[in-house]
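My request is simple: use the sequences and hints to build the entire structure.
Sequence lines, in order, name chains A, B, C and D.
So that you can map any letter, position 177 of the first sequence is 177 in our numbering, and since no number is skipped, the others follow by simple counting.
So that you can map any letter, position 5 of the second sequence is 5 in our numbering, and since no number is skipped, the others follow by simple counting.
So that you can map any letter, position 254 of the third sequence is 254 in our numbering, and since no number is skipped, the others follow by simple counting.
So that you can map any letter, position 300 of the fourth sequence is 300 in our numbering, and since no number is skipped, the others follow by simple counting.
In short, the hints are calculated from the structure, not lab data.
Be aware that one or more of the hints could be misleading.
Identical chains blur together in the list; that is why a pair holds if it fits in one copy or across any two.
What the hints assert, rightly or not - Think about it this way: if two alpha-carbon atoms lie no more than 30 Å apart in a straight line, the pair counts; the simulated DSS-like pairs of lysine-lysine are:
#1 95 - 254
#2 259 - 116
#3 259 - 233
#4 43 - 95
#5 193 - 259
#6 116 - 193
#7 233 - 254
#8 116 - 43
Number of protein chains: 4
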Amino acid sequence: MKRADLMQNIAILGASGYTGAELIRLIAVHPSMRIAALAANSKAGQSMAEVFPHLRHLDLPGLVTIDEIDFSGIDLCFCALPHATSQEVIAGLPKDLRIVDLSADFRLRDPEAYAKWYGNPHAALECQAEAVYGLTEFYRDDIRAARLVAGTGCNAATGQYALRPLIAGGLIDLDEIIIDLKTGVSGAGRSLKENLLHAELSEGAAAYGVGGTHRHLAEFDQEFSAIAGRPVKVQFTPHLLPANRGILATVYVKGDPRKVHGALHGAYAEETFLEVLPFGQVPSTRHIRGSNFCHIGVTGDRIEGRAIVIAALDNLTKGSSGQALQNANLMLGLDETAGLMAPPVFP
Amino acid sequence: MKRADLMQNIAILGASGYTGAELIRLIAVHPSMRIAALAANSKAGQSMAEVFPHLRHLDLPGLVTIDEIDFSGIDLCFCALPHATSQEVIAGLPKDLRIVDLSADFRLRDPEAYAKWYGNPHAALECQAEAVYGLTEFYRDDIRAARLVAGTGCNAATGQYALRPLIAGGLIDLDEIIIDLKTGVSGAGRSLKENLLHAELSEGAAAYGVGGTHRHLAEFDQEFSAIAGRPVKVQFTPHLLPANRGILATVYVKGDPRKVHGALHGAYAEETFLEVLPFGQVPSTRHIRGSNFCHIGVTGDRIEGRAIVIAALDNLTKGSSGQALQNANLMLGLDETAGLMAPPVFP
Amino acid sequence: MKRADLMQNIAILGASGYTGAELIRLIAVHPSMRIAALAANSKAGQSMAEVFPHLRHLDLPGLVTIDEIDFSGIDLCFCALPHATSQEVIAGLPKDLRIVDLSADFRLRDPEAYAKWYGNPHAALECQAEAVYGLTEFYRDDIRAARLVAGTGCNAATGQYALRPLIAGGLIDLDEIIIDLKTGVSGAGRSLKENLLHAELSEGAAAYGVGGTHRHLAEFDQEFSAIAGRPVKVQFTPHLLPANRGILATVYVKGDPRKVHGALHGAYAEETFLEVLPFGQVPSTRHIRGSNFCHIGVTGDRIEGRAIVIAALDNLTKGSSGQALQNANLMLGLDETAGLMAPPVFP
Amino acid sequence: MKRADLMQNIAILGASGYTGAELIRLIAVHPSMRIAALAANSKAGQSMAEVFPHLRHLDLPGLVTIDEIDFSGIDLCFCALPHATSQEVIAGLPKDLRIVDLSADFRLRDPEAYAKWYGNPHAALECQAEAVYGLTEFYRDDIRAARLVAGTGCNAATGQYALRPLIAGGLIDLDEIIIDLKTGVSGAGRSLKENLLHAELSEGAAAYGVGGTHRHLAEFDQEFSAIAGRPVKVQFTPHLLPANRGILATVYVKGDPRKVHGALHGAYAEETFLEVLPFGQVPSTRHIRGSNFCHIGVTGDRIEGRAIVIAALDNLTKGSSGQALQNANLMLGLDETAGLMAPPVFP
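Encoded structure:
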């Protein structure tokens with residue numbers, strides 16, 4: 001049913017990782033996109049069926065190196081490369097190519113903040129200058145007009161969905177925000193690390209990146225401070241769960257819980273993918289798995305003036321590849337929700 | 001984009017179970033179907049958001065009792081009810097209503113076989129007489145013309161995909177077939193049983209329904225004997241795995257492995273959903289999760305004249321609700337694959 | 001090797017639940033205890049091998065009703081019964097029988113607090129008056145002399161291990177304590193509830209008992225207020241994890257992180273089962289699974305004056321049955337660690 | 001309570017792997033053994049608390065290289081090294097040192113069989129000549145007298161427990177044996193392989209080593225042929241499960257099921273660790289987890305003359321480190337069951 005002349009040609013760089021595979025999964029049933037090129041330098045020459053057997057039924061181009069791609073026919077390019085690599089690659093791509101980057105490389109507007117959190121000076125400052133921060137619901141117009149969109153951190157997206165309207169509305173104490181976050185393992189990618197082995201990870205839980213050291217804090221700092229008009233620093237403790245997908249952010253704030261709920265409900269009333277639950281209900285990562293939806297719940301506490309906001313989304317979908325596709329839809333003038341309306345997979 | 005006048009009105013009876021929810025998940029993005037009525041007697045009055053929060057973003061009709069549904073506007077009705085209940089309900093539905101039944105009630109053509117395996121005489125023999133067995137790829141023409149289609153058992157489907165072409169081709173010893181099957185837990189439904197608790201099930205494995213007692217044997221007997229033109233009895237031992245979705249059937253046969261592979265490859269060359277892997281490769285349930293695809297691998301053994309056929313499918317999708325939708329597409333004259341092309345969800 | 005004349009005779013009431021089974025697992029290799037009677041009213045007449053096949057190799061008494069037990073030969077009785085039931089049963093037991101109760105019935109010293117949190121007036125106030133709160137390391141002398149010891153809540157134990165020395169030492173802001181807790185599913189017992197099914201629970205995470213409603217708050221209130229000498233109310237949000245065993249409590253406090261670490265390290269230096277990790281390290285529930293050990297880690301935060309204390313223990317062992325056995329050892333004049341030194345099971 | 005003068009000094013080579021850690025877990029509560037040296041060449045200089053935090057409470061020697069160990073004071077040495085490495089190391093150890101090897105290096109008596117299955121000529125044929133095959137229940141007397149005992153493959157042990165008495169008794173067709181085996185992931189060790197990542201493994205199942213290629217077949221061939229007095233070749237298909245521990249072997253044989261049950265029941269009547277269930281019952285890996293017990297069930301089939309034997313054991317305990325300790329007990333003249341009677345951990 002797809003009409004070839006109306007189809008947008010898509011390239012994906014870094015197609016052998018989980019976010020690359022997730023992009024292909026989503027685009028495979030997208031009404032207006034066609035995958036024209038797939039690059040994965042370390043696996044060039046292989047077929048996607050070898051690298052990701054769950055995609056074997058698709059008629060996909062084989063994996064090539066980035067250099068082998070002719071970008072002249074590409075309408076939009078997703079970069080699902082590791083950070084640091086991404087900025088080098090993007091600096092060398094055609095200057096008129098629409099790009100959605102899923103790495104951390106273009107999220108921070110301040111080069112000094114980038115250098116501080118990532119440990120190296122930025123290698124593509126020119127590109128960084130034109131990059132738009134890709135939290136779709138809050139940068140929609142900029143994204144529509146952008147050439148380069150920087151996908152957000154998956155944890156950063158979750159926390160921001162819970163908090164932005166509250167900070168903007170002046171509803172909470174800005175110096176008393178705690179984000180206790182639980183994440184599935186696919187956020188760490190397909191890397192061979194001992195702590196990601198099934199035998200090391202299943203049937204247990206632990207924190208990591210404690211003490212205010214996780215790099216997604218840089219995004220919280222940038223965005224929350226910009227909204228508040230003054231520096232805002234949150235506490236953020238991520239935990240690794242024995243689950244493949246899903247982020248659950250439990251956010252502790254000081255403010256009136258009913259007003260907090262009202263602000264979130266109002267802010268997201270027209271948003272397709274952001275569902276604010278009735279007051280007192282809590283979301284579960286099970287109920288958004290594999291989808292682009294984000295569920296947000298608000299409760300009060302027995303201690304007056306405290307509210308708990310809990311947000312759940314799928315790190316691979318709404319937290320990265322789904323967000324990237326949503327942004328690509330905007331950049332290409334397509335329906336923002338195209339290819340993203342499949343319900344979560346439960347159980 | 002859906003044009004209301006071309007949309008088929010769908011009713012689902014038994015919408016509070018896993019196969020009901022899976023039907024809704026699939027139909028939610030089907031281009032030509034609209035969910036017009038949802039029944040669940042025990043939860044009538046509730047919304048689907050209460051029963052299945054992962055579907056909360058959908059604009060669905062509330063749950064009602066079956067009696068409350070006006071079937072005059074319904075184009076096709078899915079029955080996702082428990083067996084025994086299903087036959088009673090279907091006996092009372094309009095005689096011209098297209099029905100896809102997901103229960104065990106209309107799978108067996110021989111009433112005596114039904115009574116033997118299910119322990120009660122059949123209560124709707126008239127309906128049974130017109131029911132078509134719903135293994136799509138092998139009953140496609142009958143299904144297209146049918147009013148009532150009986151969905152297969154999920155285990156029965158998996159075993160048949162592995163074996164039917166081999167029996168039809170006279171390639172294997174009919175008296176030496178062993179199906180060692182591993183299944184995820186959602187096949188047992190949303191029922192409150194001690195052995196289905198997370199604490200009882202996770203991190204372990206065990207057989208159940210051993211010794212030739214599992215009811216899906218009745219389907220194997222019926223189908224394989226019909227193909228062979230003489231009684232065929234297989235051994236079948238199911239095992240329960242700590243996974244929510246997925247069936248892996250490891251089938252041991254006596255025959256030439258290359259011919260076995262060739263027969264399966266040939267039989268399914270034109271089938272969209274049945275993927276025969278290159279000889280020697282093995283499928284994984286991870287690679288078909290949440291999808292309507294079935295992966296089939298064939299290997300030989302160091303003992304000459306032995307072949308191992310391994311088939312993997314998702315019990316809730318290709319094993320029940322996806323199959324049901326595929327059949328409904330045929331019955332309504334739609335594209336057989338409509339709503340079913342979403343790739344598997346991995347990881 | 002066990003010498004019969006030195007063996008203590010043990011009865012377990014409620015032997016068909018998880019804490020009952022855990023007691024048997026531990027006592028089976030205890031050098032000075034012998035299981036003399038096992039009661040489970042709903043399963044009386046069955047063998048333990050039927051109820052818990054993992055115990056089938058043990059030579060255990062069959063399950064009987066509580067009434068059938070002759071308590072005259074029993075040295076100590078564990079009550080692993082549901083709350084409310086426990087107080088009725090214990091009221092009827094011999095007044096000189098040593099009892100360790102694992103239910104919630106005797107944890108709260110204030111009858112009004114009990115009635116408020118549990119919704120019914122207490123039915124055995126006389127027994128409650130003599131009950132000692134069973135947090136071993138803090139009530140050791142009282143427990144040694146007690147006839148009736150009330151096991152703590154598993155979550156309550158975890159939070160107290162993280163916080164008691166800090167409150168006692170005046171090291172943290174008493175009005176700003178947040179306990180974000182993650183727990184495995186066995187804490188909910190062997191009950192048939194939809195949310196405890198594998199298909200509902202695996203591969204996901206969600207909060208429950210939110211908003212200051214969880215009953216273990218009553219224990220926090222009682223204990224922390226007693227230590228501080230003034231009312232202390234904490235925030236406490238439990239989350240259910242896809243794991244069978246293990247509690248991880250992430251506790252956010254305001255205080256000097258090094259002093260916090262020092263206080264915990266000092267308080268537990270002589271404790272066999274409480275391991276304080278080097279500053280900056282975090283514990284994992286994987287590393288205490290199946291054991292009576294509790295690991296505690298302390299980190300600072302980039303925001304000065306904030307500390308994060310993370311405590312991990314096994315809810316079935318150190319959180320209930322292991323604690324109960326540790327207390328029983330004290331009550332019987334045995335080595336406190338007898339039967340409890342088996343290392344955690346990893347992976 | 002341990003008396004130092006009666007304690008056996010134990011060395012463990014390869015202490016940084018899962019079987020090494022399992023040995024330490026078991027020996028930590030062994031009444032007559034003391035861990036005197038721990039070697040792990042790649043992690044020499046580290047403490048066990050760093051490598052395996054679950055063992056942090058133990059007062060263990062630090063990790064050293066093998067060369068650093070003074071074997072003169074060692075009573076028995078466990079080698080938990082990778083195969084190929086093990087033979088080289090053992091060839092260089094003192095000739096009078098008692099050794100229990102957990103690798104594959106000394107399991108096969110025929111050097112040609114070794115070379116065929118493992119792809120290299122054996123480097124320590126002299127040692128191989130004196131090695132005793134470590135399937136305790138069947139080589140007890142030889143093990144008692146041995147200097148070097150070769151631990152069995154974990155899958156090989158499971159299959160042999162199911163089959164040896166049947167082959168010895170002439171009860172089954174020797175040319176029609178099929179072992180369909182399901183194993184947890186810890187059997188693959190702590191190695192960094194993509195297919196062992198949580199994201200790749202959880203919530204799914206697949207076969208591996210298909211077609212008669214798995215090296216444990218060499219052990220089946222050797223042992224079953226020796227018992228039968230003629231060549232016996234079985235079919236063996238292992239599957240990887242989303243669980244950390246546990247092997248379930250479903251064995252299909254032709255023979256009278258009652259006689260099969262009787263033979264196993266009779267053969268193991270006096271065995272502490274081998275539990276034959278009542279006829280018709282099936283074992284579960286959940287019910288032996290973390291223990292040295294093996295549960296075996298037998299059922300018939302609706303097809304006369306077929307029997308199904310299902311055996312379950314923990315690959316890390318009865319399948320390797322528990323077996324090794326059982327053998328070490330025999331070699332040192334200790335109670336065979338010392339340190340091995342802890343019940344399984346459930347749930």
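Hints and how they fare:
| no. | hint | verdict |
| --- | --- | --- |
| 1 | 95 - 254 | neither (46 Å within a copy, 50 Å between copies) |
| 2 | 259 - 116 | between (36 Å within a copy, 28 Å between copies) |
| 3 | 259 - 233 | both (22 Å within a copy, 23 Å between copies) |
| 4 | 43 - 95 | within (26 Å within a copy, 49 Å between copies) |
| 5 | 193 - 259 | neither (44 Å within a copy, 34 Å between copies) |
| 6 | 116 - 193 | within (25 Å within a copy, 33 Å between copies) |
| 7 | 233 - 254 | both (14 Å within a copy, 15 Å between copies) |
| 8 | 116 - 43 | neither (32 Å within a copy, 32 Å between copies) |
Hint check: violations occur at hints 1, 5 and 8; the rest are consistent with the structure.
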